[in-house]
Amino acid sequence: MRLAIQIIKNTWAEYMMYRLSFVLWRVRSVMQLIVMYYLWWAIFSETQMLFGYTQSMMLTYILLSAFVRPLIMGTRTQEIGGMINDGSLSNYLIRPLHIFRFFFFRDIGDKSLNIVFAFGEIIVLFLLLRPPIFIQTNGEILLFTVLSLLIGMIIFFYFSLLLSSLGYWSSDVWAPRFLSFVFAEFFTGMLFPLDILPAPLFFASRLLPFTYFIYFPLKVYLGHVQGMQLLQGVAMGLFWMLCMKTMTDRLWQRGLRVYAAEGR
Amino acid sequence: MVISVSHLKKYFKVQQKKPGLFGSLKSLFSRKFQIVEAVNDISFEIDEGELVGFIGPNGAGKTTTLKCLSGLLYPTNGRISVLGYMPQERRHSYLRQIALVMGQKNQLWWDLPAQETFLLNKEIYEIPDDIYKNTLAELTELLDVAALLKTPVRKLSLGERMKMELIAALIHSPKVLFLDEPTIGLDVVMQKHMRDFIKEYNVRHKATILLTSHYMEDVRLLANRVIIIDQGKILYDGKLAQLVKKFAKYKALSIILDSYISPDALGEIGELISYDFPRAVIRVPRSASNVAAAQLLQKFPVDDLNIEEPDIEDVIRDVFSKK
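Line by line, the protein sequences are chains U and X.
Here the first sequence is numbered in the working numbering, starting from 138 and rising by one per residue.
Here the second sequence is numbered in the working numbering, starting from 335 and rising by one per residue.
Since the hints were made in silico from the structure, they are not lab data.
Be careful, since some hints might not be right.
Said to hold, decoys possible - One side only, chain U facing chain X, incomplete, derived with CB under 7 angstroms:
#1 140
#2 233
#3 390
#4 394
Stated by the list, open to error - The list that follows gives simulated cross-link-like pairs (lysine-lysine, BS3-like), each with its CA atoms no further than 30 angstroms apart:
#5 X:484 <-> U:146
#6 X:583 <-> X:540
#7 X:526 <-> X:484
#8 X:484 <-> X:533
#9 X:489 <-> X:343
#10 U:146 <-> X:489
#11 X:567 <-> X:540
#12 X:509 <-> X:583
#13 X:467 <-> U:146
Here the structure is a predicted model, which is why all the values come from computation and not from measurement.
Beta carbons are placed, not taken as given, at the ideal position from N, Cα and C, and that holds for glycine.
Based on the provided sequences and hints, a complete structural model is requested.
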């Protein structure tokens, strides 16, 4: 536990060294959010209901997706691919440290800082825009929302590690990562709820793990997934979590055997 | 026995690429690989508390051996045992007892003061508070960096950073220490500080140390025993003093003459290396050095004569160039 706290503290301290970068990063996030918000605001100006969503539901989805995105997809694990290639991974391997655990806590540091700021921003935006937000009050649903967020976080963590592990076999880790993210981000439901997609695409998205990053937790929050559907969704999420963890662990272990500790 | 290496081999598959843009494009479609035998069948053993110098030219296999010993690399073949562990298993109980310091790789957090890395290592190695405080005080005093603990790493000079790297690597008081070029890039004063520190650490903690260096001074002043490696093979393993006897086939007769003698006449005794009257240096075969010295004294007006061993660096250079 003390190790976890120290990792989180160091991660925060590191961000504080580059305050301007951090602030600009947050400004960018807010700008993106405002653009998306007004886009959907404009779309709903002519109609009360679209794709089965009321204006309030859709705007809640958009605002929350901006909040959930850094929570699930904020990570430092993308650094690992480069570390494998330049040999600096050795600094971690030489110490009695589970590198996945180290990066998990580093991510917690990363996410928590982003969330604190995102929370503040959303409150300011809320006061300024006074959006017709839908507030979930059902305790059980809120509990399942938290659970599905945790599942999404862990699936993403291993997915990102899996892509970074490719560094053991290729020095081109950036390209496969970029491509995978373009593909994955579309299917996370980051830009809009996936159920407004044409039926075949929506069906395909449900077969992928990416829906668990944003779409599924938000649908749970909005109360659109309930009963058997909710349990099935959670079970499927747990299945993906296990799959991704097993694949990543195996790939990593195989990678360690070919690790060349280059650079010197 | 702390370290035991038996028939260790480590081969790498290295991609070969022709130069230029065309070469890059070609390598997209057909890649050629070459097997590099970085370490090729080496064996040695090291006892507790020994400080061994590992020397060889660039690409000899020194760093690869250290990386295998510290568990970073899986051996292609052969057996390694350090403190009774197989390093490549990277068991935490093993990693808690060793440290690897690579001169050009740093574990310090670049943007944070060095003490943040030390605190992190304290938690990683699960060092109790009082032991951590004492060790940190001892190390910062030995290396004279107590005043710099709160300075961000990127603001430190290279020498100061190397010292901090050493502290980060030693904060858990490792029993076995692998030092790869610990003095690289440092000025002569800082090199001496570093050497003194390594010697002191070896004595104080009875630590087993295996050190590589390009600087013969490091090895000469620190290690009793040297292992010379070249092209992945061990050429010599033994005392530094014995190395000269084994590999130097010549001795140098250094004389001071009373009166001028022609270089040709001196050349009859042996190979005249330098002559700046009244001083001359003649190289003679090792076995014939006594006879040659006697001849010199008989034939010429010699005021002073010394029979000298050649310089260790020259001997090692000879060894590498003769392979």
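Hints and how they fare:
1. Hint on residue 140 (chain U) holds. Least Cβ distance to chain X is approximately 4 angstroms, under the 7 angstroms limit.
2. A distance limit of 7 angstroms between C-beta atoms decides the matter here; for residue 233 (chain U) the minimum to chain X is near 4 angstroms, and the interface restraint holds.
3. The interface hint given for residue 390 (chain U) is broken, as the beta carbon of that residue sits about 11 angstroms from the closest beta carbon of chain X, more than 7 angstroms.
4. The interface hint given for residue 394 (chain U) holds, since its Cβ lies 5 angstroms from the closest Cβ of chain X, which is under the 7 angstroms cut-off.
5. Taking the CA atoms of residue 484 (chain X) and residue 146 (chain U), the gap is about 15 angstroms. The hint holds against a cut of 30 angstroms.
6. Restraint check for residue 583 (chain X) and residue 540 (chain X): the C-alpha separation of about 36 angstroms exceeds 30 angstroms, so the hint is violated.
7. Of the supplied pair hints, the one linking residue 526 (chain X) and residue 484 (chain X) holds, its CA atoms being roughly 25 angstroms apart against a limit of 30 angstroms.
8. For the hint linking residue 484 (chain X) to residue 533 (chain X), the alpha-carbon distance of about 27 angstroms falls within 30 angstroms, and the restraint holds.
9. For the given pair, residue 489 (chain X) sits about 41 angstroms from residue 343 (chain X) by alpha-carbon distance, which is inconsistent with the 30 angstroms threshold.
10. Taking the CA atoms of residue 146 (chain U) and residue 489 (chain X), the gap is near 21 angstroms; set against the 30 angstroms cutoff, the hint holds.
11. For the hint pairing residue 567 (chain X) with residue 540 (chain X), the CA-to-CA distance comes to about 29 angstroms; that is within 30 angstroms, so the pair holds.
12. Annotation: proposed proximity of residue 509 (chain X) to residue 583 (chain X) is violated, straight-line Cα distance about 39 angstroms (limit 30 angstroms).
13. Distance check on the hinted pair: residue 467 (chain X) and residue 146 (chain U) sit about 20 angstroms apart at the alpha-carbon level, within 30 angstroms; holds.
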